[in-house]
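Same order as they appear, the protein sequences are chains H and C.
Position 233 of the first sequence, counted from 1, bears residue number 232 in the working numbering, the numbering being contiguous throughout.
Position 169 of the second sequence, counted from 1, bears residue number 170 in the working numbering, the numbering being contiguous throughout.
By construction, these hints were calculated from the structure, which means they are not laboratory data.
Among the hints, erroneous ones may be present.
Calculated cross-link-like contacts (lysine to aspartate or glutamate; reagent style EDC-like; alpha-carbon spacing at most 20 Å) [what the hints assert, rightly or not]:
1. C:K187 with H:E102
2. H:K184 with C:D9
3. C:K135 with H:D5
4. H:K16 with C:E50
Per label pair, the in silico range of CB-to-CB distance [claimed, not checked]:
5. H:E8 with C:F223: 49 to 57 Å
6. C:L23 with H:V14: 36 to 44 Å
7. C:V266 with H:W99: 26 to 34 Å
8. H:S3 with C:S280: 35 to 43 Å
Some chain C residues well away from chain H (every beta-carbon gap over 12 Å; in silico) [claimed, not checked]:
9. Q14
10. L23
11. P31
12. E50
13. R61
14. A77
15. G123
16. F170
17. L194
18. E206
19. A213
20. L216
21. H226
22. Y240
Using N, Cα and C, we set each Cβ at its ideal position, and we do this for glycine too.
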Amino acid sequence: MDKSLDWQETIITAVIKTCGYSAVVFVILIFFFLLNEGIPALTEVRLGELLSTRWYPIENYFGLLPLITGSLLVTVGAMLVAIPFGIGTAVFLSEIAPRWMREILKPVVELLGGLPSVVLGFLGILVLSPYLRLLLNLPTGLTALAGALLLGGIAVPTTVSIAEDALDAVPLSYREGALAIGATKWQTIWRVTLPAARSGVLTAIMLGIGRTIGETMAVMMVTGNAPVMATKLTSIFAPVRTMTATIAAEMGEVANGSVHYHVLFLIGLVLFLISLAVNITASSVVFKSKKRAERVLS
Amino acid sequence: MNKRLTFDRFLIQRLGISLITLMAVLTVIPIFGVFGYIIAKGAPAISWEFLSAMPREGMRAGGILPAIVGTLYLTAGTAIFSVPLGIAAAVYLSEYAKENWLTRLIRIAIINLAGIPSVVYGLFGLGLFVLFLKFGTSILSASLTLSIMTLPVIISAAEEALRAVPQAFRTVSVSLGGTRWQTIRKIVLPQALPGIITGVILGLERAAGETAPILFTGAAFFLPHLPGSPLDATMALPYHLFVISTQVPEMPIQIQYGTALVLIVFVLGMNLIATIIRSRARARRQW
């Protein structure tokens with residue numbers, strides 16, 4: 000064989016291999032930078048103070064609890080919206096709707112997933128929160144509830160898409176078997192198809208949660224950004240502030256290398272570890288159309 | 002007794018199916034509502050001046066040209082870095098990688114990259130590109146940050162397209178004396194191209210609509226001129242929408258809706274192009 004061709008082949012193989020490893024390199028780099036800038040916060044601020052309930056960085060109060068409870072409250076609220084509506088829509092598309100309707104509606108739902116979150120936040124400010132304020136007679140509509148509703152909407156496309164794939168992957172013979180022994184269509188869905196697609200549906204929920212915790216702009220725009228502890232159920236009707244929104248709102252104004260700067264990176268590190276845990280759990284669930292899950296979860 | 006059982010079953014079935022249908026309707030209608038509302042409210046703001054003029058009077062009048070141009074620059078900049086890298090990584094996974102622990106590690110890394118919150122990418126971009134490599138708050142830093150965020154989408158989609166090319170194509174090429182790279186470049190890549198392009202566009206669509214990763218890496222509140230070099234900061238459509246809807250008091254509502262409309266047309270236009278490429282390629286496919 001031509002010598003130069005051989006040489007060319009070696010170089011190209013090396014380049015492609017290097018690119019192949021890039022994803023691993025980037026994950027490690029991101030982790031390293033977050034550690035490098037975030038860990039100093041643990042020496043500069045006492046742990047007891049980080050776990051206190053007051054976030055007021057200008058006077059050096061770095062209690063993370065209000066931000067953590069804020070994120071939790073909004074995420075749980077969003078999942079209460081996204082799980083029933085997401086799974087319900089997936090069941091409707093896969094089991095009840097005629098084929099043509101599914102071919103139209105599934106892309107429409109996925110289109111919502113492509114909508115920039117800042118646009119949803121914008122509509123949240125102008126439409127959703129004034130409406131909530133009037134409806135519930137609140138002092139302000141910019142509340143955890145508005146954030147939860149919007150985030151639910153953001154998580155729905157991910158949940159629908161993956162759950163529908165999972166339901167679709169259940170063999171037709173399962174349904175035929177159930178119907179043949181006299182089950183109604185509803186019993187078939189509830190007792191056979193959904194349990195058979197369980198792992199895929201769980202993946203859908205996990206990835207929905209992942210999107211919700213990491214969402215930044217929409218949440219920052221509609222939750223009112225008050226770092227108050229969310230302790231009661233009624234906190235859902237009050238402004239809160241999430242971890243992501245805190246980073247986005249404050250990073251632009253802090254001095255590089257200050258305590259505040261390091262604490263914000265520490266919050267980023269926590270978010271990184273949460274997303275790592277969620278994604279590793281979700282991807283370890285055995286699921287046939289994994290490829291698609293990877294695509295949608297991005 | 003039997004009759005009663007049957008009655009209950011069908012009653013439950015009717016209730017259950019109605020409930021599910023209602024949920025689907027309640028999910029789909031707001032989606033149409035969101036798009037319809039922005040189009041209806043934003044359309045009156047669109048004019049040639051709005052699309053081609055600089056902002057005036059503290060962004061409360063004039064156009065949004067610098068934001069549109071900025072988003073084009075950022076999208077192109079993201080493509081420059083993420084497309085070659087992403088396709089090469091996909092080629093590696095589909096054509097070279099063996100099923101071993103290293104490949105599994107790469108796959109886990111890709112899944113995790115896809116799940117990292119966008120604001121964390123912003124922090125990383127600030128730490129690595131803006132401060133450590135001293136690119137400053139610039140188009141370059143923001144594009145690099147967005148590239149890494151886009152990478153998993155492009156890799157996954159391109160790999161799927163490459164794997165869809167039948168094995169027989171490769172076997173024939175190799176049996177005719179083609180090397181592995183010749184086979185990839187002349188046979189596999191061209192066949193997978195429509196699928197790869199679709200994935201690339203969908204990845205860039207995300208980059209074009211993101212705000213959080215560019216907040217501290219390249220976005221400018223307001224610029225009186227267009228960015229002149231990759232080391233300049235830039236305005237961008239999503240960030241501009243954020244700014245005018247939350248940071249600028251007494252902002253005319255029409256400009257806000259107009260900006261939102263331009264942004265979704267930009268993003269959904271890319272989505273539409275990707276869909277068209279995909280369906281045309283499917284119709285023409287030879288295997």
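List of violated hint numbers, smallest to largest: When the structure is compared with the hints, numbers 1, 3, 4, 6, 9, 10, 11, 15, 18, 19, 20, 22 turn out to be violated.
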